[in-house]
Amino acid sequence: MKSHIRVECENFDVGLEYQRLRLLCHQIGAVVTFTGLVRDFENSESQKVRSDSLSAMDLQHYPGMTEALMTNIAEEAAVRWSLLGVTIIHRVGKLSPNDQIVFVGVASEHRSEAFNAAEFLMDYLKLKATFWKRVMIGDQWHWVSPKSSDEDAMLKWGRH
Amino acid sequence: MKSHIRVECENFDVGLEYQRLRLLCHQIGAVVTFTGLVRDFENSESQKVRSDSLSAMDLQHYPGMTEALMTNIAEEAAVRWSLLGVTIIHRVGKLSPNDQIVFVGVASEHRSEAFNAAEFLMDYLKLKATFWKRVMIGDQWHWVSPKSSDEDAMLKWGRH
Amino acid sequence: MVKVLFFGRLGDFSENIELKVNCTEIEATPKKIRSLLSEDNVNLGKQLAAAQVLVAVNKVIVGWDYPINDGDELAFLPPVTGG
Amino acid sequence: MVKVLFFGRLGDFSENIELKVNCTEIEATPKKIRSLLSEDNVNLGKQLAAAQVLVAVNKVIVGWDYPINDGDELAFLPPVTGG
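Chains as they are written, first to last, in this note's numbering: chain Z, 47 to 206; chain U, 47 to 206; chain C, 122 to 204; chain A, 122 to 204.
Because the hints were derived from the structure by calculation, they are not lab data.
Yeah, the Cβ is synthetic: ideal placement off N, Cα and C, and Gly gets one too.
Check before you lean on any hint, since a few could be wrong.
[To be verified] The calculated label-pair distances, taken between Cβ atoms and stated as ranges, are:
(1) Lys140/U - Asp185/Z: 56 to 64 Å
(2) Leu69/Z - Thr145/C: 40 to 48 Å
(3) Lys140/U - Asn118/Z: 25 to 33 Å
(4) Leu201/U - Arg52/Z: 22 to 30 Å
(5) Lys202/U - Asn143/C: 41 to 49 Å
Next comes chain Z alone, as it looks inside the complex (with noise of 0.2 Å):
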């Protein structure tokens, strides 16, 4: 199984990522990506605010270990599925709404694999990897609180 990890400021290209994933070797049957958009809206301190007061995102992270843990990830989705091909891209920095913030992708033969390791692949990323966003309301950053949702999404995969 070949991974590729990345987490950086810059932008990404979803056809150039999956061209990627696609090409690794002929027995892939199966892509599926995901990618992540910063929304008009975004629960922060609980409440929804809307779009037009959201006007920045800024995520930070701890180096080496988030890509550490990133990698943890992708070697423990490979251990349940079998895949021939794992990326990961995360941004940090400032983002503007409808950019692009996450990409998982991965390749397998068959298409149950591929959908199963992606959804948990960002599952385990959403509530293990340490990143941190914050948003401009106004003129103030808030930092976004986790949901609880995404600790119940962990669940389905059983023990973690």
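Let chain Z serve as the given structure and place chains U, C and A on it in line with the hints.
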């Protein structure tokens, strides 16, 4: 919910199809894509055939009925989950190993809806849409038999 | 006249089939048309009798006793294998 | 010397914090260092005491009683919100 359904001989561009979904509206927080590729082997008449012998694939469909079924499938997904956009593209005609066959893309506010809907659409498409494929092994065409795993895959979605 | 279509492997057994049925006279159904076809072509008949073959009239899946009218399009569909 | 890092909302309460601890002398743990920090900065102390704050030593999550040595990197991590 905007749906985009195509049956065609031409290849598709995953990056372009992703962009079409992503740019539908500003509420989109998640885009999941699935791409199915011609593997270097295929279950044919219950036996696995190695790539070196599989030289081509040919996909036939029932024009008119297929598009109607694909539209139904997209509508059924939109009843089950809150979706902002669905794209389904299926190629027909002659294909070679490693060619793209099918694309499903789903855009939604939250990731679990996009993941579930994309997997549901693929499971449904495999079991219900009027496509038939045959593979060239040596110099002979062989019709591909359906996989029982595809029928099993539908069970998780309940009554259909 | 009923237009009859054969898909997938069924097509291999049914080249150049033309079927003229007076629908009102025989109270045509997919089952009856399958019988007519099987008389002329035993191999095709075997394929059509397979449990998983479905039948569509005017592009909609119907039962084997669905009444067929003049001008209808009848299609025999083996298990699908797309995606 | 222990390098102490604060992430997410914790960073808002901890600008310009420098911590000099003789680790061997006090048998330093994340819990003890949290106490030292809380004495100097009540607001930061409240944030660090929140139930979901995790602690990492040298980029690995550890318990609050994990022994810290000179040269270690200690990080206080509020609940993550990536993805």
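Structure-based check of each hint:
| no. | hint | result |
| --- | --- | --- |
| 1 | Lys140/U - Asp185/Z: 56 to 64 Å | holds (60 Å) |
| 2 | Leu69/Z - Thr145/C: 40 to 48 Å | violated (59 Å) |
| 3 | Lys140/U - Asn118/Z: 25 to 33 Å | violated (44 Å) |
| 4 | Leu201/U - Arg52/Z: 22 to 30 Å | violated (38 Å) |
| 5 | Lys202/U - Asn143/C: 41 to 49 Å | holds (47 Å) |
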